[in-house]
Amino acid sequence: MKESNPEPVSAGHSQEKVLSLRGLQLAFGSNKVLRGFDLDLYRGETVMVLGKSGSGKSVLIKCIVRLLMPTGGSVDVLGHDVLTLDQEELDRLRVRIGFLFQSSALYDSMTVEENLRFPLRRHWMATTPGEAEALVTEMLAAVGLSHTRALYPSELSGGMKRRIALARTLILKPEIVLYDEPTTGLDPITGKEIVELILELQNTYGTSSIIISHDLHVARLAANRIALLHEGRNYAEGTYEQFRASQDPLIQNFFIFM
Amino acid sequence: MKAKRRGPLHAFLVETGGFSMFVGRFFRNAFHRRFEWREFVRQCVLNGNGSLPLVAVTAFIMGLVLTVQSRPTLARFGAESMLPAMVAVSVVREIVPVITALICAGKIGSGMGAELGSMKVTEQIDAMEVSGTNPFRYLAVTRIWSTTLMVPLLVILASGIAIWASWIGVNMKDPLSWQLFYQQVIDALKLGDVLPALIKSFFFGFVVGAVGCYKGFTTAKGTEGVGRSAHNAVVMASLLIFIIDLLAVQITDLLGLN
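Going line by line, the protein sequences match chains R and L.
For the first sequence, the numbering used here begins at 1 and goes up steadily by one.
For the second sequence, the numbering used here begins at 1 and goes up steadily by one.
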């Protein structure tokens, strides 16, 4: 295991870098959340960012899509310096990055079908109504919820919402997907189903991913590499096995319930 | 360390600054080439059509009550024949625009504050933003334009209904033909009565939409914050409506239109 070293440690993905964070800093007033975080993501790879609650994991991925503006460092995504892009360029880049929110964030005034059609309509991804219909049908089938098309988010369970949110995230065929606590708030069985679905869809659509979580079961099932966020920095990086074998007390704390 | 206590003056200045910046952002986005026509039309139907029954009933009652209550006073001075003119001028110039705007602040403004506030705390606005859709243009600009156009239209309709109700009020005591009543109303109303009322209605509409959206977009502290946003939207919009009305009276007075 390497400490604060952003080199990839696992095989099964290309060496093409799709995302690079260098010295990322963010502070809310005097509260310094990120204090120089480094991370690389390679095409086809899944990296899990592990950290305690309140350590700044969600803040980190919000900086990648500039939902939050870092106070220092650089964010390079698919060859673009995210922090210097103008709004139009940023919007174009954001279409290539999927973001699954912890709360699912489905538009509650729209049906499931309208939720899926919304990004397509906004970005002219489907040129004909037939094409849009085919994409919606494909994504609903992929997440196993074809029968929910006419339902509103309030009529869905937590797990179903997460699946529909995943379908909405992937309908634009993003190259990178950022998952914010994809299994939090779900029972272990549904959580496992969501992780398996993420892996299946990742293989089908060939995306690279960053998963934010404090759940090492997710890491074991899905991640090629784990990065531990501690006190605003990339404290350690390695595979699940390397983390499991580590004698570092900070890392061992995450295995208490395993 | 003890947190610094901020006084009401500080809160007022922060609120004024925040709202001014929000209005500035609206004007920077209001004439953008990628205008959200579809959402704008939907909002016009929702806000205009949705408020019409309440505004119509209120206008009818206002016209009727004003006529019935004014008659004895005018009769005491032998000026009963002035009733149509008096009601028309007071209804068109002042009562209907202000009451309609206050109804819209209560119905539309609070609705916007709650809807957008709920979208904000459930990360739906963030989800829209990361999918490459500008949420300000899609949600705020369309809503503010819709109220800016719909409130004056509602004011025109409500004025007509109030005058018609006044005719019914006159007829409850002594029969008077609609033609004669209408002629007296038209003779009494001057451009200096109608135009300022119409112009200030656009400002009222703008304030209702802008305050509702501002409160929605700045919602914090979860579901409790949503309720507070809805409530504050009504309070702030109502206050601004009275301030605009006061300014409008001063301006029309300076221009010699009173």
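Because the hints were derived from the structure by calculation, they are not lab data.
Quantities reported herein were computed from a predicted structural model and do not represent experimental measurements.
Don't be surprised by glycine CBs; every beta carbon is placed ideally from N, CA and C.
Errors might be hidden in some of the hints.
[Claimed, not checked] List of simulated lysine-lysine pairs, PhoX-like, C-alpha gap at most 25 Å: (1) R:K52 - L:K107; (2) R:K192 - R:K173; (3) L:K107 - L:K190; (4) R:K32 - L:K221.
[What the hints assert, rightly or not] Ranges of calculated distance between the beta carbons of each label pair, as one might list FRET restraints: (5) L:F242 - R:S20: 47 to 57 Å; (6) L:R33 - R:K173: 41 to 51 Å; (7) L:G18 - R:S53: 29 to 39 Å; (8) R:K32 - L:G222: 20 to 30 Å; (9) R:H147 - L:R33: 48 to 58 Å; (10) R:H80 - L:F27: 25 to 35 Å; (11) L:F31 - R:Q252: 54 to 64 Å; (12) R:D187 - L:G18: 49 to 59 Å; (13) R:S53 - L:T223: 15 to 25 Å; (14) L:G17 - R:I256: 40 to 50 Å; (15) L:V23 - R:G54: 34 to 44 Å.
[As the list claims (entries may be wrong)] Which residues of chain R face chain L? A few of them, derived with a C-beta cut under 8 Å, are: (16) E89; (17) R92; (18) R94; (19) Q202.
Quick rundown of the hints versus the structure:
Pair hint K52 (chain R) plus K107 (chain L) does not hold up; C-alpha atoms about 43 Å apart against a cutoff of 25 Å. At roughly 23 Å between alpha-carbon atoms, K192 (chain R) and K173 (chain R) fall within 25 Å of each other, so this suggested pair holds. Restraint check for K107 (chain L) and K190 (chain L): the C-alpha separation of about 31 Å exceeds 25 Å, so the hint is violated. For the given pair, K32 (chain R) sits about 21 Å from K221 (chain L) by alpha-carbon distance, which is consistent with the 25 Å threshold.
Evaluation of the 47 to 57 Å hint for F242 (chain L) and S20 (chain R) yields a pass: the beta carbon distance comes to about 55 Å. Distance hint for R33 (chain L) and K173 (chain R): a CB-CB separation of about 27 Å, inconsistent with the stated range 41 to 51 Å. For the hinted restraint 29 to 39 Å between G18 (chain L) and S53 (chain R), the CB-CB distance of approximately 30 Å keeps it satisfied. The hinted range of 20 to 30 Å is satisfied by K32 (chain R) and G222 (chain L), whose Cβ atoms lie roughly 25 Å apart.
Separated by about 40 Å at the C-beta atoms, H147 (chain R) and R33 (chain L) break the suggested range of 48 to 58 Å. At roughly 29 Å, the beta carbons of H80 (chain R) and F27 (chain L) sit within the given window of 25 to 35 Å. Hint check: F31 (chain L) to Q252 (chain R), Cβ distance near 59 Å, so the stated range 54 to 64 Å holds. A beta carbon spacing of about 42 Å between D187 (chain R) and G18 (chain L) contradicts the range 49 to 59 Å that was offered as a hint.
In this structure the hint that S53 (chain R) and T223 (chain L) lie 15 to 25 Å apart at CB holds, the actual value being about 21 Å. About 48 Å separates the C-beta atoms of G17 (chain L) and I256 (chain R), a value consistent with the hinted range of 40 to 50 Å. About 35 Å separates the C-beta atoms of V23 (chain L) and G54 (chain R), a value consistent with the hinted range of 34 to 44 Å. Nearest Cβ of chain L to the Cβ of E89 (chain R): about 11 Å, over the 8 Å cut. The hint is violated.
With its C-beta approaching chain L no nearer than about 7 Å, R92 (chain R) sits inside the 8 Å limit, and its interface hint holds. Hint status for R94 (chain R): holds, given a least beta-carbon distance of 4 Å to chain L, under 8 Å. The interface hint given for Q202 (chain R) is violated, since its Cβ lies 19 Å from the closest Cβ of chain L, which is over the 8 Å cut-off.
Comparing the model with each earlier hint shows violations of hints 1, 3, 6, 9, 12, 16 and 19; every other hint is respected.
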